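There are 2 protein chains.
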Amino acid sequence: MEGQTRTDDIVRVPANGRERFYDSRGYGRPAGDALDLAPVEAAHLLYRGDLDSVDGQGFREYLSAVGGLAVRFFVYKDLRDRGFYCSPTREGWSDAVDPDDTADFLVYPRGKGPWDEVVEHRVHVVGERTTVAASQLDGGVLAVVDEESEITYLDTSRAPVDGATEHEPPTGVAATLLGDRVVAWEPPESLYEQGFYGQPLDRDDDAIQLSLVEAAYLAERGALDVQADDRDDGHAAVLARGREAEGDRFDRRLAVYTTLRDRGVVPKTGFKFGADFRTYAEVESVENLGHSELLVRVLPAGHAFAPRDLALDVRLAHGVRKEMMFALVDGAGDGADSPSIEWLRVQRLTP
Amino acid sequence: MEGQTRTDDIVRVPANGRERFYDSRGYGRPAGDALDLAPVEAAHLLYRGDLDSVDGQGFREYLSAVGGLAVRFFVYKDLRDRGFYCSPTREGWSDAVDPDDTADFLVYPRGKGPWDEVVEHRVHVVGERTTVAASQLDGGVLAVVDEESEITYLDTSRAPVDGATEHEPPTGVAATLLGDRVVAWEPPESLYEQGFYGQPLDRDDDAIQLSLVEAAYLAERGALDVQADDRDDGHAAVLARGREAEGDRFDRRLAVYTTLRDRGVVPKTGFKFGADFRTYAEVESVENLGHSELLVRVLPAGHAFAPRDLALDVRLAHGVRKEMMFALVDGAGDGADSPSIEWLRVQRLTP
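Protein sequence lines correspond, in order, to chains F and X.
In terms of the working numbering, the first sequence is residues 2 to 352.
In terms of the working numbering, the second sequence is residues 2 to 352.
Hints in this document: simulated from the structure, not taken from any laboratory.
All values reported here derive from a predicted model rather than from experimental measurement.
It is possible that some hints are incorrect.
Same chains, same names: a pair is fine if it fits in one copy or spans any two.
Claimed, not checked - Lysine-lysine pairs mimicking BS3-like chemistry, simulated, CA-CA at most 30 Å apart:
(1) LYS113 x LYS323
(2) LYS78 x LYS273
(3) LYS323 x LYS273
(4) LYS78 x LYS113
Chain F on its own, in the form it takes in the complex:
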């Protein structure tokens, strides 16, 4: 059987194409008894020997002739090999396709097909060298084809972050700004033991070292009274030092830190994991601390991910049994008020 390309890159397969390829195997979109195929479907049928040619070309020629087809073909084939029916998203081909949807494929649950209108995954295909805007990652699956044509599936979701930690910080604890950190010399024990702010300078010492972001949060609430040589206002001095060290990133991190604390989640540094924070959803005391659940990387809302960096973060989080969460911050910065934060969770997926 042979296909012919029509306008709009649609490959038309003549009468009884519908019966052979759609009704029993979920390819394409019926056009009477004929069938319209997207190029990736045509390539797959050529590869399998079910189609003899498209415009007189065999599989190898056709795959070379259609620009950008190879990467999509690898993913389509992989999903088919795993037993899924899937449809390229094309406006008008399915009621399930939102015109704004950036997905390349709709994947149906195993045993279902395009006639069922139940969608298991929306898959967005990229090569490993293509950056992906954070705004595109909103509940779909990212299929990254690496340079050796192996595929990594990353499941994305917009997920709220909530916790159950209850702790009221003390008030007016004296502290000193020391370079890019703060030390509270004699805070009440609860600051560290229940609040999990900072870390002790020594086992046998009352002094608690705080990060700039912890100190800024506490100082804003009147919990910390920071002495800084050159400033009357300790809170302002901490903010200034933070911005000096990290620029706008400090404001983004502080916005995320504040939101997490306000929701009962305790953020601590994620440095050892290459992240901004690791978080604990419920801290009663440091003595009875469980494992942290999330790794959080703070990014500006307009960030574009390099798939390799994404793979690195997700792989590491998986290896330490945590979930990778990206906090996308819009509008944080010196003088800006109430930035908005979206939470993007990314996990490895084996379809």
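Once you've looked at the hints, dock chain X against the given chain F.
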């Protein structure tokens, strides 16, 4: 006992300081019966209560007064807490100090001290926000103090990479350039099975997909005959496509790939680990493949590391039981000849 700052930031402790602090505990440098201390040593003695004051200041005041002292103090204290004697590097204080040495501390083996002239570690101290030039990482230990004042020790070494893989690629295998990858449709089985080049398109198919870097390496050796629509010279077409996709990075990666293959090491993509390559030191056949031993990240020789990125790479490598290796490439690029590569291994260290 009280100390006084002299010129050059040296804190002089008067007569019998030598006996109390140097002879028995390895602080400072004798000056007759008196003792000269570096500020970090003076701070530690103040912290312990062994010194009452320096220039009339107690520990808290002194730590605030000396710029940049806090971060070095945390590391010095941590090393002392772990049972090591260590000396700040100061020209003329020890025969073991090379004037070009960028280390902050010399750490002696446990039970040894400055009078023994045996050095266990040379420690370079940075805050997590300070970038570190690759050229500074040459055999010493990097102590990174994160924002919450926890310390991560990273051991660096310049290590050669060698393997024992023996495989002569075939000649003149036909292949097609397909976007940013290459497919050899009917190569001899040995290309993949023994050489571990590329990966099969399908279990039941002869076709092998190759990355651009694999294809460039093979094409240069006459092993691959690449067809590209728009070029007579398939090798040049692969190089051009690689540079189009990755710029100079492609040349650096190809230089590293080539050096590894030439040394009997098989590089495969490290995408799933966020690296450039994972490597196998000895491949006899894909059927009997062991685990890969190294993760390799390719960087320009002038690269400066953000400690957090370094922590991420090293942590991930550790988690998957591989070693993290950085290939620092000097002089690769279109038209440049024989780039030089230095191999930098970085591992977590618990002193």
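Hints violated by the structure (listed by number, smallest first): When the structure is compared with the hints, only number 1 turns out to be violated.
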